[in-house]
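Those protein sequence lines, which keep their order, are chains A and B. Mind the numbering: the first sequence is residues 45 to 377 in the working numbering, read in order. Mind the numbering: the second sequence is residues 45 to 377 in the working numbering, read in order.
I should point out that these hints are in silico values taken from the structure, not numbers from a laboratory. Any given hint could turn out to be false.
Said to hold, decoys possible - Just a sample of chain B residues kept apart from chain A, beta carbon distances all over 12 Å, derived: (1) Glu64; (2) Met314; (3) Leu324.
To be verified - What follows is a list of derived Cβ distance ranges for each label pair: (4) B/Asp330 with A/Gly93: 50 to 56 Å; (5) B/Asp204 with A/Arg300: 37 to 43 Å; (6) B/Thr305 with A/Phe205: 43 to 49 Å; (7) A/Leu318 with B/Gly317: 55 to 61 Å; (8) B/Asp302 with A/Val72: 45 to 51 Å; (9) B/Lys94 with A/Val72: 48 to 54 Å.
These numbers were taken from a predicted model, which means no experiment stands behind them. All C-beta atoms in this analysis are idealised placements derived from N, C-alpha and C, irrespective of residue type, glycine included.
There are 2 protein chains.
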Amino acid sequence: MSAGIPELADLLEPIQGDLERMRDMIAVQLEDRSPAVGDLTAHVGRFRGKQLRGALVLLIGRASGNLSHEHAAVAAVVEMIHLATLVHDDILDAAVVRRRVASVNQRWDNQIAVLLGDFVYARAFSLSTDLSSRLASRVLADTTRRLCVGEIEQSTRRYDFEMRQEQLEGIAGAKTASLYAAACELGASYRMGQDEPADVELGRAMREFGWELGLAFQLIDDCLDITGDEAEVGKTVGTDVEDGKVTLPVLHTFARADAATRARIRDIFMAPGLSGRARLLREECDLSPGIEYTHARAAELVASARGRLAKLPPSALRSGLFELGGFVLGRKW
Amino acid sequence: MSAGIPELADLLEPIQGDLERMRDMIAVQLEDRSPAVGDLTAHVGRFRGKQLRGALVLLIGRASGNLSHEHAAVAAVVEMIHLATLVHDDILDAAVVRRRVASVNQRWDNQIAVLLGDFVYARAFSLSTDLSSRLASRVLADTTRRLCVGEIEQSTRRYDFEMRQEQLEGIAGAKTASLYAAACELGASYRMGQDEPADVELGRAMREFGWELGLAFQLIDDCLDITGDEAEVGKTVGTDVEDGKVTLPVLHTFARADAATRARIRDIFMAPGLSGRARLLREECDLSPGIEYTHARAAELVASARGRLAKLPPSALRSGLFELGGFVLGRKW
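Looking at chain A on its own, in the form it has when it is part of the complex (with noise of 0.2 Å):
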């Protein structure tokens, strides 16, 4: 295993293949005879990024020995469906709309991108419903209710400094590890034409690691939306604090924070017209406890995905699910 942080490229060399047939599967799902639909979807390519569920999907499946011809479908299924929450997570909440009204014609109208999201998940049900087992739709339509569950949550928690780090990270799974989790199952256990999985015992590891690692993957993002430069993320940054989302950098600060400093704290997040909340917090806030308790918890999480994977036969594609963990705590995107 290299020193450093493992590239993602590098990592998913080995299913290349499988994640084209991936990427033209989804690419002939969403195309519609529709042309306001196809240039809406032309647009969707913006949200692609790193594929990582997908590739999980794959990767799970060539490394447990399990890889049939429908998992590129199944992979492509679980993609669509991250698809459709990342166009959902683009509707602007009324508040945010008076807020922020200068970024609003930079984004979507509201009741297009809905639309938009609604198509998405609808053809990745269509396609689930065309696989010869009925595996996928049925763990990807309970997971597609978890992730809702999970952003719900969030939503109603907004602006709560008292939650238990237990609650955050329970929806911080919902909404995100929970489809990794889903992922990971389905490439250990998804096979054609059964209904049943293909290995019980292995499908649970494989969830529980995925489980692991999204939250991993979500807790890094959750930092990198405090300390990353936009640059290099991607995607614009300091949204958290703009939507009022507690992160556990934030959360774990605040717990140990002086009166003064949590009232400055509550004051970025909450004071009505405040513009910049993301600049303030990061200049006046040391928030680097909580950004490296954090990456602690991070790590651990990826220590216990990585010995889940004890379960696998050794094999390159193993080792390289094993620096997948590295990728995910080192990444700075």
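Chain A is fixed; fit chain B onto it per the hints.
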């Protein structure tokens, strides 16, 4: 058959028990351990409405002699998909937010409404993947795509007074009639444990019946949005003009109006800052030719739909489906 407009309650009387089972299943699906979600789904009841789409699965299931133990679940999936679209219809555009600031607080937070709709979709798909046949999942995933495409096309055609009637009906059909068509098709052709339809020919005939009935339903809805009494209709009327939706009564009137009337209609739809557009349209423009034409078109569709019922064996239920056309045309709500 009775003279006058049949009462919906009388027409649904033969399937009361089935409808109760359907409602119970919907209630179970919308439960969630998360208190945040439970609070929200409790409010979803306000969207319950006529449940005509679910009722059609059951009425046609019984009238065709094809009713199975799982038809109530299929009906529940159909109604939940409809419910999800209604929740998402509540999303406000950034533009509408700006125009109607006063009403924003009467509505839910946009983000929550998006997530709640996604949750309802996920529960619908989850229930459909638990059924012993995949026919419902397949038909309804594809129908959901059509609903979204219809809504997207409608959205991109706002303020378009040059549309052809055929285009308008294609859009109204996709966004409304397609779910009626799917409900009727599944009522006649869903069978437990078999992915193939029970009777392809009857399924196709009932699909056409549902399409025509659903399109007629939408056309009457478009008339009620102009002429209806808010208290009687049971929902806000005049929203089409506020949202820039050009419906058949307006399109037909516009196409035959003189230049001055056309200019006035355009102004009422489009002039910035105008308030009470619906009232202005009703009071200043004589839409009666368009309303009459739309009613005649709906009657033509219902007549054609009724002809398709000849494929069903004669029964009181078949007569009830015939009368349902009378309800759709004559309804004031």
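Hints, one by one, checked against the model:
Every beta carbon of chain A lies more than 12 Å from that of B/Glu64, the smallest distance being close to 25 Å; the non-interface claim holds. Distance check on B/Met314: its Cβ is at least 16 Å (rounded) from any Cβ of chain A, clearing the 12 Å threshold; non-interface status holds. With a least beta-carbon separation of about 24 Å from chain A, B/Leu324 lies farther than 12 Å from that chain, consistent with its non-interface assignment. The hinted range of 50 to 56 Å is satisfied by B/Asp330 and A/Gly93, whose Cβ atoms lie roughly 54 Å apart.
As the Cβ distance of B/Asp204 to A/Arg300 is approximately 59 Å, the hint placing it in 37 to 43 Å is violated. For B/Thr305 paired with A/Phe205, a C-beta distance near 60 Å fails the hint of 43 to 49 Å. Between A/Leu318 and B/Gly317 the beta carbon distance is about 30 Å. The supplied range of 55 to 61 Å is therefore violated. With their beta carbons about 49 Å apart, B/Asp302 and A/Val72 fall inside the hinted range of 45 to 51 Å.
Taking the beta carbon of each, B/Lys94 and A/Val72 are about 37 Å apart, not inside 48 to 54 Å as hinted.
Hint violations for this structure: numbers 5, 6, 7 and 9, all remaining hints satisfied.
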